[in-house]
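Undergrad: What follows is each chain in one-letter form.
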Amino acid sequence: MSRSANINSRTNRTTVRLLYLLSPVCYLLLSLPAHAARIGDISETSLTTQALRFFTFQDPSVRYALLGSMLLGISCGLLGSFLVVRKMALVGDALSHAVLPGVALGFLWNMSKDPVAIFIGATLAGLLGAGAVHLIKQTTRLKEDTALGLVLASFFAVGICMVTMIQRLPTGNKSGIDKFLFGQAAAIGAADVQLMAVVTGLAVVVIAVFYKEFLVTSFDAGFARAVGLPVQAFHYGLMLLLAFAVVIALQAVGVVLVSAMLITPAAAAYLLTDRMQRMLLLASLFGMTAGALGAFLSFLGNNLPTGPFMVLAATTVFAGAFLFGPRHGVLARWWRQRSRAARIQRENTLKAIYHVLEAREFQGEGVSLRELAERRRETLEEVAAQAAALRTHGLATLHDDGSHIFVTPDGWQRACAIVRNHRLWELYLTNEAQLAADHVHEDAEKIEHVLGEETVRELERRLVNTTQDPHGKSIPVVPVSLGTKSEPTPGYGRSA
Amino acid sequence: MADAPPLEIHDLTVAYHKKPVLWGVDLVVPPGKLVGIVGPNGAGKSTLIKAAMGLLPVSSGWVKVFGEPVAKNLRRVGYVPQRESVDWDFPVSVMDVVLMGRYGKLGLFKRPTKADRDTARECLDKVKMLPYANRQISNLSGGQQQRVFLARALAQESDLYFMDEPFAGVDAATESAIIALLHELRAAGKTLLVVHHDLPTARNYFDMLLLLNMRVVAFGPTEEVFNYETLQKTYGGRLTILSEVAEAVRVKG
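Residue numbers (the working numbering), protein chains in the order written: chain R, 622 to 1117; chain V, 135 to 387.
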């Protein structure tokens, strides 16, 4: 009795807690359309005209926000790419949290949101954080990840305390300091955009001029030092540029999420290309797009925090790369696996047809679906589907009301090749690897589908007598195909 | 200074976290020799070549390359690091990696020219990897990756080469290709120091052997140095290694 009551109250408590956690999300969902509707009402325009107004830089109030967001996206994507390939993603996280005390100090300098003072303060704090990580790593047994975690949390704590303190001060214009936590693109002013342009320009120029040095120090630091490059200097240079990029992104993205703008566009680009230059280009492009989209969505939502929207936009790009990437994407991989499985299935069907014909000493040409089903221990429907697959690939035709299957010359060539692969491999395992004849079949079932031309030639060279397999069956020779092809199919051994 | 030896090491001591891993190494390598560096695990083989190139801080001693302090003469030094030392998923092509061999000669600010690309292509051809020039480096077998590293070292066009386990984990074809290449380089007057872990082949591959176990146990022409006593001194006390040594001596006898 009491136990069930206990469980009940616990479920209740969990539900309440869950609702409490979800409430900001609910608030966001409920308030979004309301705001959108309100903007729509006031300006009496549709979403497309809103977008037009936003992205054509017409409106002076949003011009700086959009321009700044795009600039920060470019510099974050560019420098974040080096973080990703150097496996230093956590460094970006630590750096971005470590700058907060510096932001507060810069604000305290003359009690206003002076971009230059904040830039200097934040950069110094970031470098101090990086120095602290280095010191902990050098003087203790602690490894880099722990040092990063320590510095990240402690600097951030100090920063939060200072920001809260500033907000409670009775004097001065303290508006805007709270925006540094979650970001507000609308707070970007002309002076901010100038600074962002300078930093982004600097990052682009430095990366372009020292591209080969950044490439080799990232790929192989030992070799880079062996050719006489000052590897440490490039490392610190990159850290400094990163600190700059983080600082200019702070106002629009916020301390909490700025590391995502470093990592996410770069990670998406990494999945889409195998070349560093293209990765840099794509990451900058993705960063720029995410920045612009984030600023726009925040503008639609009546100036909701920009950071989360930018990061969500970047994450959408990443999800796209993850799912639809032409080489490393999930769908592409799934498709490759599927077509490989289908090919193996077709080859197994052809092999079964060969076996049926072999059993009756190659008398007659057609094989009935019933024979095939018995051979493969499958139902008539399954075999019919396989026969249809062979037909669509031009490997077989169906005759006699579809009850008999006849392989085409191409199909026959494939069938002989696959049986030859299987039996050559069995022979190799028994002769060269000294495996018992009853141990080799299972292995050959898999290997037969993956043996390439070179391997088959190698097997033929090593095996003296390639006429009979270990079970006493003859190893077929792959026939020269008829018609247009005068060469034997590559990869399937010499022909008679 | 034309007669200065390619490599001269004097009283070199290297320590990791204050624990010495190499003690008072003295070494003078004559020109045009193929030298194998052999010793048990933890003997400091990689440490020696890294310290010789100035990649590690040294506790004492000095290194001269062709009569000059190594830092001033790095352009005459080529390097093949251990294959495991890099991330092979890195987004670069085979060609990009080989071009890195030209960076030392290029210096800061300059980009690789067409002449550099031609040199890189020739080097790739020497290791039979030219058809793979545009591949991403993760789409290569272990032996092919090793050959890319060799091509990069060739592109350095150096006179003294340090190679860290170039034979580790490669197929037989690559191993014989590498050894042919080493002989070719030696014939061109280059000096090569190669870290090697396989005793039986060490005897056949190298003109000179450096037996190392935290100190120089023996250094000299292979036929003089490769004997039971020195090998026992190098690998002493380790039963499994001793049997390996016995096998190596048996192969020799």
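Rather than coming from a laboratory, the hints here were simulated on the basis of the structure.
Heads up, a few of these hints could be off.
No farther apart than 30 Å at their CA atoms in a straight line, the calculated lysine-lysine pairs in the DSSO-like style are these [to be verified]:
hint: 1; chain 1: R; residue 1: 764; chain 2: V; residue 2: 152
hint: 2; chain 1: V; residue 1: 260; chain 2: R; residue 2: 833
hint: 3; chain 1: V; residue 1: 206; chain 2: V; residue 2: 239
hint: 4; chain 1: R; residue 1: 708; chain 2: V; residue 2: 184
Partial list, derived from the structure: chain V residues whose beta carbon lies under 8 Å from chain R [said to hold, decoys possible]:
hint: 5; residue: 210
hint: 6; residue: 211
hint: 7; residue: 225
hint: 8; residue: 242
Built from N, CA and C at the ideal position, the CB exists for glycine as well.
Undergrad: Each of the hints needs a verdict: does it hold here or not?
TA: We went through each hint and held it up to the structure:
A threshold of 30 Å between alpha carbons decides the hint, and for residue 764 of chain R with residue 152 of chain V the separation of about 18 Å falls inside it, so the pair holds. Distance hint between residue 260 of chain V and residue 833 of chain R is fulfilled; the C-alpha atoms sit about 24 Å from each other, no more than 30 Å. As the CA atoms of residue 206 of chain V and residue 239 of chain V are separated by approximately 13 Å, the hinted pair is consistent with the 30 Å bound. Restraint check: the Cα-Cα separation between residue 708 of chain R and residue 184 of chain V comes to about 23 Å, which is no more than 30 Å; the hinted pair holds.
Taking 8 Å as the C-beta contact cut-off toward chain R, the hint placing residue 210 of chain V at the interface is violated, the least distance being around 11 Å. Interface hint status for residue 211 of chain V: upheld, as the beta-carbon distance to the closest one in chain R is roughly 7 Å, under 8 Å. For residue 225 of chain V, the interface hint holds, the least distance from its beta-carbon to any beta-carbon of chain R being 5 Å, beneath 8 Å. At about 7 Å, the closest approach between the beta carbon of residue 242 of chain V and any beta carbon in chain R falls short of 8 Å, and the interface hint on this residue holds.
Of the hints listed earlier, the one the structure fails to meet is number 5.
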